[in-house]
Amino acid sequence: MIIFKSIKWRLQIWYGLILVVVLAGFGFTAYQMDRNRQFRQIDDQLHRRIGVLANALHRPPPRGPDGNGQPFDLPPPGQFPGDGPPLQGDRSLPEFHLLSEDAHFFDASDPHGFYYIINSYDKEIARSTNQPFRTGAGVNPLMLINKIPPQMPNSPKQAQVFSFDNYRETGEMLPSGEMIWVGCSIVPELKELNRTALNLVAVGGLILMVGLAGGRWLVSRAIKPIECISAAAVKISAGNLSQRINVTESESELGRLAAVLNSTFARLEAAFAQQQQFTSDAAHELRTPVSVMLTQTQTALNRERSASEYRETVEVCQRAAQRMRKLIESLLALVRFDAGREVLKRLRFDFSKTAGACAELVKPLAEERNVKIICELSPLEITGDSERLAQVITNLLVNAIQYNKPDGEVRVNLESQNGVAVLTVADTGQGIAAEDLPHVFGRFFRADQSRTGAGNAGLGLAISKAVVEAHGGTIEVASKENVGTTFTVHLPTGV
Amino acid sequence: MRILIVEDEPDLLRSIAQALREEGYAVDTAPDGEDGLYKAENYDYDAIILDVMLPKMDGWEILKRLRKIKKTPVLMLTARDQSRDRVKGLDTGADDYVVKPFDLPELFARLRALIRRSANKTTNVIGIGDMKIDTAARHVFFKDNIVELTAREYALVEFLALHRGEVVTRTQLYEHLFDENESSLSNLLDVHVSNVRKKLGAQFITTRRGHGYCIE
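Each protein sequence line maps, in turn, to chains A and B. Anchor point for the first sequence: position 395 equals 394 in numbering that gives the first Met the number 0, and the numbering is continuous, going up by one each time. Anchor point for the second sequence: position 107 equals 106 in numbering that gives the first Met the number 0, and the numbering is continuous, going up by one each time.
Hints are computed from structural coordinates only; laboratory data are not their basis. All figures in this text were calculated on a predicted structure; none of them were measured in a lab. Cβ atoms here follow ideal geometry from the backbone N, Cα and C, with glycine treated the same way. Treat the hints loosely; a few may be bogus.
Said to hold, decoys possible - Restraint ranges, calculated between C-beta atoms of paired labels, are given here: (1) Ser-377/A with Glu-60/B: 41 to 51 Å; (2) Pro-104/B with Thr-278/A: 27 to 37 Å; (3) Ser-117/B with Leu-343/A: 55 to 65 Å.
Okay, chain B solo, but in the shape it has when bound (with noise of 0.2 Å):
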C-alpha cells in the first residue's frame, strides 16, 4: 500500500511517515500544497492524508482540483474540529476526517477502513481457500497458522488480495509497494513474489507473462 501525507509541519510529517513505514506502508511525503497536488495527480496512491492548513495551496483546494481527476480515498487531518469544518471536508469529497491531535492506531484503523472501503471490503479479514489475510493486524493465516511474512510481503500479498481475480500489472505494483525513494527497476518485485511462492504456495500467486500478477 502506498500512502501520500502531506503536511507542513516536519516533524509531525516525519513522524507519521516513519510510524507508517514501519506498519509496512510506501509513503510519500509532500510539505506543501502544491507538491502534494503534483504527487497525488501523478501516482496512484491508495490513500492520502491531507493537511487542511498548508502554505502555498491549502488542503481544500487540492481535494477540489484533485476529485476532478481521481478518487483516491483522502483523510484529512485538520485542527479544526468545529462541525462545519468537517461537513465542508466531506462534502468537497473528503472520505473521512481526524482531528488533531489524533492518536496514531486510530489514524491507522481509519487508513485501513478507508483502503478497505476502496476496495470494496466490508471486513478486515480477507479468505482465499484455507489462506486468511487480516488487514488490521497484518498477519497471514494458513489453517489457522500464522505464516511469518516480512512487512514488504505482507503488502504484496494485502494489495492482490484486495484486488482478487484482476490482474495487477508490475508497474501496479511497484507504484503501490514502494515509494518515491526506491528504485522501481530493481527486481525486487521478483524476489518479493517468489518467496511469498515459497511460503504460501507456488500456485497462490499467478503469473500472467506479460500482463502481471494474479490472485484468482
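Only chain A is shown next, with the shape it has when bound in the complex (with noise of 0.2 Å):
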C-alpha cells in the first residue's frame, strides 16, 4: 500500500493514534469520576438511611399528644405498606419505629429505597415491602457481614457498599446483634452516566475530528518543504542542472537540508560544466586535423594527381593523425590521472640526471630559437616515476623556450629544501598575463589563440599538474609580462 510509505500518511496515523490515546484516557478519567461521586453521593444517603433505622430500632412507639394522634411510626402510605405495625410476635424481637421526621429519607423522592432488618437469629424484624427479593443469586446480607472482621470492639460492623443489578446496597451490624440492610434503585443514576457517556464520547469524536484536520495542516506544511526539495531534485535528475531549491527558512532542519543540496548541485553543475567544456574542447581540438584530412583527401581525388601530389597528400594526412594520435593520448593520460587509475612506477633514481638528460634533449630546439639553456642542478635522489617526470621537465622547457624572445635564456635549476625537491624553470621571454595566470594548469589553455605548431593542444601543463601532484607535489607559476615566466615544481624527495 502505497499510502503507508507516504511519510505524510504514517505521520498521521500516527498522530491520529496518539490523539485516539489521549482522548480515551481522558474520556475513562472523566466517566470514573462522574461514577464515583454519583456513587459516593448515594453511599452517605444509604448510610444516613442506616442511622435512622437504627434509631427507629429499640425505640417505644410514640403517641401523640391527645392520644388519637397518628402514630409516626408509619412510613408514608404506600410506600411502604408493610411496615405497618411492628411485628410483635416475637419476645425477642426489638421494637421497630420510624419517626416521621425521619421517614422523609424513604419519601416519594426515592421510591427505590428499601431496608431490611433481621436479628442475629436471621429473623426479620422489619423490611419495605420493596425490597427487592433474591434467592438463589441473591445474596444473604448476613454472611456479606459476618465475613467482615469487627473494626472495634462493641462498634457496628459495617459492610461495603456494592453493586448489584441496577441496585446499590450495603448492610451494618449492630453491637447490639441487629443487622440493618438498606439499598436503593440506581437506574436513574446508571441513566444518567450513560448520558454522560454518550456526551463525553460526541465530545471526544468531535475534538478528534479538529485535531486530525489540524494534524493534516500541520503535516503538510511540514511536508511541504519536503516536497518542494524533491520536485528541485526531480528537475535537476532530468537535467535542468541549473535548478535551485528555494530556501525560504535558512536556520531550519529543512532549511539547512536545502541549503547542503544547493551547494552539491551547484558543485555538480560546475563539474558538469567542466566536464561539457573538456569534451566541447577536446572535439575542438580533434575538429581541425580532421578537417584537414578531408579537405586534403577530397581536393586530391577530385581528379588525377601526380605522384608527388599525393605524396603530398599522404604527408599532410600524417601530419594530421599524428596530431590526433597526440592529443588522444594526452586525454586519456588525463583521464587516467582524473580517475587515479594511471600507474606511477616508484623508483629511486636522480633527479638532476633526468633534469640534465631533459635539456640535452631540447637543445636542438633551443639553438633553433637562438635560445640559451643554463642548468644548475645538484645531485638529488628521489622516489617517483622518472618517464612521467621527465616528460613534465621537457613540456616546462619546450614552453620556455617557445615563449622565449630572441637570444633569451631559460635557466633550469635543482635544489633540495628540507627534503623536498624543488625545481625551477625560469624563461626570460614575454611572461603570461596577470589575468591568464589562474588558467594555466587548465586543460585546453592557450594564452594566445594561436594554436600553430601541431600537437600544441593546451594539454602540456594540465598532464604536468597531473603529474607532479600524483607524485605529492606541488606546481606553481609566477610570470612578469615582458620580463620572464617561473615555473617551480617542488617534489617530495620520498624514502
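Using the hints, build the complex out of the two chains.
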C-alpha cells in the first residue's frame, strides 16, 4: 500500500492514534470521576438511612399528644405498606418505629429505596415491601456482614457498599446483633452516567475530528519544504542542473538540508560544465586535423594527380593523424590521472640526471630559436616515475623555449630544500598576463589563440600538474609580463 | 570570383585554397587575423572564408571591423558547433556558418549560394538569351549545348552575368578574377575576353571603351 509508505500518511496515522489514546484516557477518567461522585452520594445516603433505621430500632412507639394522633412509626402510605405496625410476635424481637420526621429518607423522592432488618438469629424484624427479593443468585446480607472483621469491639460492623444489578446496597451489624440492610435503585444514576458517556464520546469524536484536520494541516505544512526539495531534485535529475531549491528558512533543519543540497547541486553543475567544456574542447581540437584530412583527400581525389601531389596529400594526412594521436594520448593520460588509474613507477633515481637529459633533448629546439639553456642541478635522489617526471621537465622546457624572446635564456635549477626537491624553470620571455595566470594549468588553455604547431593543444601543463600531484608534489607559476615566467615544482624526495 | 581564406592551420589553408583554385576561383590566403583583416579591407572579395580561432585577432573581431566598411559575404569556419556560437557568428554579421570538419562539396555549395545571394540571384541558372549559365555545375550552355570554356573564361562569363546590365571595369575584373600572386598589368584579361567572344559570339560581351565590359 503506497499510503503507508508516504511519510505524510504515516505521520498522520500515528498522530491520530496518539490523539485517540489521549482522548480515551481523558474520557474514561472523566467518566470514572463522575461515576464515583454519584455513587458516593448514594452511599452517603445509604449510610444515613442505616443510622435512621438503627435509631428507629429499640425506640418505643411514640404517642401522639392527644392520644388519637397518628402514630409516627408509619412511613408515608403506599411507600412501605408492609411496615405497618411493628411485628410484635416474637418477644425477643426489638421494637421498630420509624419516626415520621425521619421518614423523608424513604419518601416519594426515592420510590426504590428499601430496607431489611433482621436479628442475629436471622429473624426478620422489619422490611420494606419493595425490598427486591432475591434468592439463589441473591446475596445473603448476613453472610456478607459476618465476613467483615470487627474494626473495634462494640462498634458496628459495616459492610462494603456494592452494586448489584440496578441496585446499590449496604448493610451494618449493630453491636446488639441486629443487622440493617439498605439499598436503593441506581437506575436514574446509571441513565445519567450513560448520558455522560455519550456526551464524552461525542465531544471526544469532535475533538478527534478537529485534531485530525489540524494535524493534516500541520503535517502538510511540515512536509511542504520536503516536497519542494523533491520537486527540485526531480527537475535536476531530469537534466536541468541550474535548478535550485528555494530556501526560505535557512535556519530550520530542512532549510539547512536544502542549503546543503543546493551546494551539492552547484558543485554537480560546475563539474558537469567542466566536463562539457572538456569534451567540447577535445572535440574542437580533433576537428581541425579531421578537417585537414577531409579537405586534403577530397581535393586529391577530385582528379588525377601526379605521384608527388599524392605524396604530399599523404604527408599532410599523416601529420594530421599524428596530431590526433598525440591529442588522444594526452586526453587518455588525463582521464587516467583523473580516475586515479595511472600507475606510476616508484623507483629511486637521480632527478638531476633526468633534468640534465631533458635539457639535452630540447637543445636543438633551443638552438633553432637562439635560446640559451643554463642548468644548475645539484645531485638529488628522489622516488618516483622518472619517465613521467622527464615528460614534465621537457614540457616546461619546450614552453620556456617557445615563449621566449630571441636570444633569451632558460634557467633550470634543482636543489633540495628541507627534504623537498625544488625544480625551477625560468624563461626570459613575454610572460603571462596576470588574468591568465590562474588558468595556465587548465585544460586546453592557451594564452594566445594561436595554435600553430601541431600537438600544442594546451594540455601540456594540465598533464604536468597531474603528474606532479600524483607524486604528492605541487607546481606553481609566477610571471611578469615582458620579464619572464618561472615554473616551480616541489617534489617530496621520498624515503 | 575572388575568395579570401583566413585560416591559421597551414595544411587546411593550403588544401582549401588548392581546391578552390581548381574550381576556378581566384584565391588569396591569410594565415592570421591581422593579415586577414588587412586583405579583407583592401580588396573587394566576392566572399571570405573566415576561421574563428585565429592568432593575433580572432574571427569575431575581423568580422566586426570589416562590417563597418564592407558588405563582403563572409562564411565563418569554426570548430565550435554550439548554438550560441552560431548565433553569435550570424549576429555579428556572418552570412553563413560551416562547422569543422566539413565536406568540401558542401563548403563550395554554400560559397556559391553566398555569392549568388550577394548578386541578388535566387537560382543557380542565369539565362541570357539563348545562353544559360549553370553556376553550380560551372557550365555554359548555348541552345542546350555545352560550351567548352576554361576555368578562367568561365569565371569571366559568370562574373559579368552576375552583374548583368552593369558596366564592369577592367580593375574590377582583375580584382575578381586574379589572385594576389598574379600580375594585373598583363593583358591576360584581353586574351580571355577575346576567347570568350570566339566561343559565345562577338556580341555576347560588349566593350564600353574607357569604362569596361558589359553583358546586356
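List, from low to high, the hint numbers that the structure doesn't satisfy. none
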